[in-house]
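Asker: Each chain is listed here by its residues.
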Amino acid sequence: MISISDFSSKECDRIFELASEYKQNGAENECSGKILGSAFFEPSTRTMLSFHSAMQRLGGNVLGFSDTSTTSVKKGECLADTMRTLAAYCDLMVIRHPNEGSAKLSSEFASVPVINAGDGGREHPTQTLLDLFTIKENKDSVKGLNVVLCGDLKYGRTVHSLAMALAGMGADITCVSPPELKMPESVTTCLERKHKVSVVEENELSSAVKDADVLYMTRIQKERFGSPEEYAKVKDCYVVNKEIMSKANENMLLMHPLPRVNEISLDVDSDKRAIFFEQALNGVFVRMALISLILGVRD
Amino acid sequence: MSLKVDVIGNGTVIDHIPGGRGLLCLKVLGIESIDSPVILLSNVSSNNKGGKKDLIKIEDRFLTPKEHNKLAIIAPGATVNIINDTHVTDKRLISVPEKFVDVICCTNPNCVSNTESYISSSFAVERKEPLEVRCSYCDRVVGAKQLLRQVIG
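Top to bottom, those sequences are chains A and B. Our numbering numbers the first residue of the first sequence as 1 and each following residue consecutively. Our numbering numbers the first residue of the second sequence as 300 and each following residue consecutively.
Bound conformation, chain A alone:
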């Protein structure tokens, strides 16, 4: 599972149905005796821990690493060899890596299924699945929704996968970002050619939020900038606070893949429209569904 485009809408619906079942009823030891290999070449809290939690809730085990300095990567081992080796020890692998295309490369060398948990600035498809699941839990249909994507749309891999999926489901997309962090042309071109969706671009969050059904905020990622000066130019350029929320409609959903820094004020957390912690929780159920379907313990 490398890209969100690997899934048909029917397959997405099955994942959501099963995730909903796990959320309501929990799970038996369906993956007992199975092992998830976890290869995190970059830091992660939610994605990694929710994958581990998902596998353990399904009765399976987890092995892997989250710090490459303790592995043979430190000795110069190439990605293909690391992943081929890990594949021999497990039934399913999840990888996060700083280079775009790393999950696809891993899938070419590994003997077990590979799940992409984020490859550089490219995609983060399981985040997209949990985002869609959260939207569907709160809205009747994705079709016709105006979804505003705001923040770092250039390096923010979650929004690339999400924009593709939303466009495929008939949502309208508005992008709000500083000029240097605009949605890559490769994504907008694909949206236009494949899904016939024209992306609307806005500079001001305060005006874009008025017609939004969903406001999806992203963090300006300090680690993606070449220098502190470049980061300082765009840091805190969009902040959702009570004033911004007062301009939004009462049914709008405020989402964020987390971690946040300053782009959502803490005083917004108690607003019923702020559902980002529920969104993070849903990550466990969606990943449980994905694991059990890929391993074939459910169909």
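Treat the hints as calculated values from the structure; they're not laboratory data. Errors might be hidden in some of the hints.
As the list claims (entries may be wrong) - In the DSS-like style, the derived pairs of lysine-lysine whose C-alpha atoms are separated by at most 27 Å in a straight line are:
#1 A:Lys182 to B:Lys444
#2 B:Lys427 to A:Lys194
#3 B:Lys351 to B:Lys326
#4 B:Lys444 to A:Lys194
#5 B:Lys444 to A:Lys196
#6 A:Lys194 to B:Lys351
#7 B:Lys427 to A:Lys196
#8 B:Lys303 to B:Lys326
#9 B:Lys365 to B:Lys303
#10 A:Lys235 to A:Lys194
To be verified - Covered by chain B, per the in silico footprint, the following chain A stretches (three or more residues, Cβ under 8 Å):
#11 4-14
#12 25-36
#13 93-101
For each residue, glycine too, the CB sits at the ideal point set by N, CA and C.
Since the structure of chain A is already known, use the hints to place chain B on it.
Answerer: Same frame as chain A, but now just chain B:
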């Protein structure tokens, strides 16, 4: 004006190169390292298609598949004639393939095809005219101008 050039005994004739692109084709084929005779006709009238074309004849030299694919970026629609004992023994159209494998590099420095040196780059053709390809690893779209810049070095 009609031009007559000698037939070659053994080698390659690349015909119907878009007018003015012949020198670029020779650059791709490494003109500086070719010892055998080379003939380049530039901007001659094209009987079949109208307009101008270039033509190259190279004695004792045959194209590799990689060179063939590189020429697809510069001169799609050209024809490659293989000459043995002054006769055309094979004729191939240079057409844009569905995929370019190990022909060009991804322009994204963070793409895994650049950081893991043991793998071959791979691009799917998105559009043939103007040529546009998409990296099979990172999805970066590379356009005609960048492709041309890469193959002529």
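Asker: Could you work out which of the previously given hints the structure breaks and list their numbers from low to high?
Answerer: Going through the list in order, the structure violates hints 6, 9, 10, 11 and 12 and respects the others.
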